[in-house]
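A.B. asks: Chains as they are written, first to last, in our numbering: chain P, 1 to 244; chain B, 1 to 307.
If you're looking for bench data, these hints aren't it; they were derived computationally from the structure.
Hints may contain errors.
What the hints assert, rightly or not - Facing chain P, from chain B, some residues (calculated, C-beta under 7 angstroms):
1. F22
2. A68
3. P80
4. E88
5. E100
6. L101
7. L104
8. A281
A virtual CB, placed ideally from N, CA and C, is assigned to each residue, including glycine.
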Amino acid sequence: MRNVVLILRREFASYFATPLAYVFILIFLVLANAFTFYVGDFYQRGQADLRPFFMFHPWLYLFLIPALTMKLWAEERKSGSIELLMTLPVKVWEAVVGKFLAAWLFTAIALALTFPIWITVNYLGSPDNGVIFASYLGSLLLAGGFLAIGSCMSALTRNQVVAFILGVVACFVLLLAGYPLVLDAFQGWAPETLINAIASLSLLTHFQSITRGVLEARDVVYFVLLIGFFLFTTAVAIDLRKAD
Amino acid sequence: MIKTEHLCKRYQALTAVEDVSFEVHPGEVLGFLGPNGAGKTTTMRMLAGFVTPTSGRASICGHDVESAALAARQSLGYLPEGAPSYGEMRVSAFLDFIAELRRLDRARKRARLDYVIERLQLASVLEQTIETLSKGFRRRVGLAQAIVHDPPVLILDEPTDGLDPNQKHEVRALINEMAREKIIVISTHILEEVDAVCTRAIIIARGRVVADDTPIQLAARSRYHNAVSLQLESREKLEAARAAVAALPQVAAVEVSEREARLTALPRAGAQILPDISELARRQGLQLKELHLESGRLDEVFRTITA
Numbered sequence: 001m002r003n004v005v006l007i008l009r010r011e012f013a014s015y016f017a018t019p020l021a022y023v024f025i026l027i028f029l030v031l032a033n034a035f036t037f038y039v040g041d042f043y044q045r046g047q048a049d050l051r052p053f054f055m056f057h058p059w060l061y062l063f064l065i066p067a068l069t070m071k072l073w074a075e076e077r078k079s080g081s082i083e084l085l086m087t088l089p090v091k092v093w094e095a096v097v098g099k100f101l102a103a104w105l106f107t108a109i110a111l112a113l114t115f116p117i118w119i120t121v122n123y124l125g126s127p128d129n130g131v132i133f134a135s136y137l138g139s140l141l142l143a144g145g146f147l148a149i150g151s152c153m154s155a156l157t158r159n160q161v162v163a164f165i166l167g168v169v170a171c172f173v174l175l176l177a178g179y180p181l182v183l184d185a186f187q188g189w190a191p192e193t194l195i196n197a198i199a200s201l202s203l204l205t206h207f208q209s210i211t212r213g214v215l216e217a218r219d220v221v222y223f224v225l226l227i228g229f230f231l232f233t234t235a236v237a238i239d240l241r242k243a244d
Numbered sequence: 001m002i003k004t005e006h007l008c009k010r011y012q013a014l015t016a017v018e019d020v021s022f023e024v025h026p027g028e029v030l031g032f033l034g035p036n037g038a039g040k041t042t043t044m045r046m047l048a049g050f051v052t053p054t055s056g057r058a059s060i061c062g063h064d065v066e067s068a069a070l071a072a073r074q075s076l077g078y079l080p081e082g083a084p085s086y087g088e089m090r091v092s093a094f095l096d097f098i099a100e101l102r103r104l105d106r107a108r109k110r111a112r113l114d115y116v117i118e119r120l121q122l123a124s125v126l127e128q129t130i131e132t133l134s135k136g137f138r139r140r141v142g143l144a145q146a147i148v149h150d151p152p153v154l155i156l157d158e159p160t161d162g163l164d165p166n167q168k169h170e171v172r173a174l175i176n177e178m179a180r181e182k183i184i185v186i187s188t189h190i191l192e193e194v195d196a197v198c199t200r201a202i203i204i205a206r207g208r209v210v211a212d213d214t215p216i217q218l219a220a221r222s223r224y225h226n227a228v229s230l231q232l233e234s235r236e237k238l239e240a241a242r243a244a245v246a247a248l249p250q251v252a253a254v255e256v257s258e259r260e261a262r263l264t265a266l267p268r269a270g271a272q273i274l275p276d277i278s279e280l281a282r283r284q285g286l287q288l289k290e291l292h293l294e295s296g297r298l299d300e301v302f303r304t305i306t307a
């Protein structure tokens, strides 16, 4: 556990050692608000809630999160520092979890910095703050899922651009697993149970069910399992191909 | 103790390391020599647990590098090839990070950090980020992280690469100082380094150990072992001197350097030719600038063995 915290601290500090952290937070805040007001018709709807705000989070994360995770492991491979890290008395899972938590903590901070919109909506009307809280939680879980996927893709390559593209594609497929765009590829040849199974993996479906204000255990469990699965895969990918 | 038994590493078509077995005991400084691509780095990576052997075993202080990886790594200080580190970190933060992962308690951490910073002369760059440092400083930061926990075993892949002569001298002095109670393995292709720090040298070529001996014994394999080199005051008598030296029964061959007015007489196997040659020089009245006995040339042995 101590090693996880040490690695988390080092990784977290490294975000702020370069302009990455500031650029990421700035762009996230600008885009999140721009979508809410211009595309989401925050004012015109005349309703005191944050649906137009949260509804764009999956699409923002789709590009911003892989940009954040692409360096997690690819950079370690490229610079050779993975040889240093993996020959210290550190277990692979400790490094994987430490890096993931650092990225998650960072996105949590970016998300928390959107609080002015919460103040705004409370100033304008009396929204259901329970729904808003659940939505923030759902957004954080969704970010966690994307981060775990991105971490796994980053572990597969030493090239950050490849890691980014793989990350976007993998996130996109899982995001829309319940929609025709993905399901049509299986329609006609795959058995019904498989199609249902794939559809139930859809990140977007689970995210939307949380943002409606129904915080169900199965949605939370889904995200926890998803994160667990991709972090496990990351650890396996690192362990098998440390030196490549 | 470091022990390897029949260590092999194969990649698809390529055999990087084949059947490497050796033991290293405390007090020994083992130099790993070999041409580039001979398998030095792969062998060291297997010892450090970074590369998994295809077959064979290795252990550090009795801990198998695969089945007891964590224990093996705890007894080990490792400088990877090229001294990689986290470029965006400050030197002080980086060393602190390593010391924390090495589980040094507060007082010991302070003491060890002070020691490595003083010993590797890092005080002036502590607050710089590593990516802004020169190659020599980066290498020293890498060395500092390898020794910060005072491990019983050190594996250093090219510890003096990129250092200037003064820094090389410092690092060699440090290695010699630590050598008494530790096991140290270094790789290098600077042969003078082997003379300067190693008590034993393993020459590795095409993945196999081709020589394992003390530097003195290795040099003795050279055809220059016990050769006599003499430099004349002027070139005029060079040809006459050459003929006279070559005529001595124990001399196998004579090499001439016109520019330096120097003759090098190579002995027949096992022969001592120095008395004969100094006697000859006195008899012929040769004006000598210099006369010395060679112990052998490591670089020549290296080339003969690995070619």
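A.B. asks: The structure should be examined with respect to each hint, and the outcome stated for every one.
C.D. replies: Quick rundown of the hints versus the structure:
Proximity of B:F22 to chain P is violated relative to the hint, the smallest CB-CB distance being about 20 angstroms (cut-off 7 angstroms). At its closest, the beta carbon of B:A68 sits 11 angstroms from a beta carbon of chain P; the interface hint therefore is violated under the 7 angstroms criterion. The beta carbon of B:P80 comes within 4 angstroms of a beta carbon in chain P, closer than 7 angstroms, and the hint placing it at the interface holds. Using the Cβ-Cβ criterion of 7 angstroms, the hint placing B:E88 at the interface with chain P is satisfied: the shortest such distance is roughly 4 angstroms.
Evaluation of the B:E100 hint against chain P yields a held restraint, the C-beta minimum of about 5 angstroms falling below 7 angstroms. Hint on B:L101 holds. Least Cβ distance to chain P is approximately 5 angstroms, under the 7 angstroms limit. A hinted interface residue such as B:L104 counts as satisfied when its beta carbon comes closer than 7 angstroms to some beta carbon of chain P; here the least separation is about 12 angstroms, so the hint is violated. Because the closest C-beta pair between B:A281 and chain P is about 56 angstroms apart, greater than 7 angstroms, the hint is violated.
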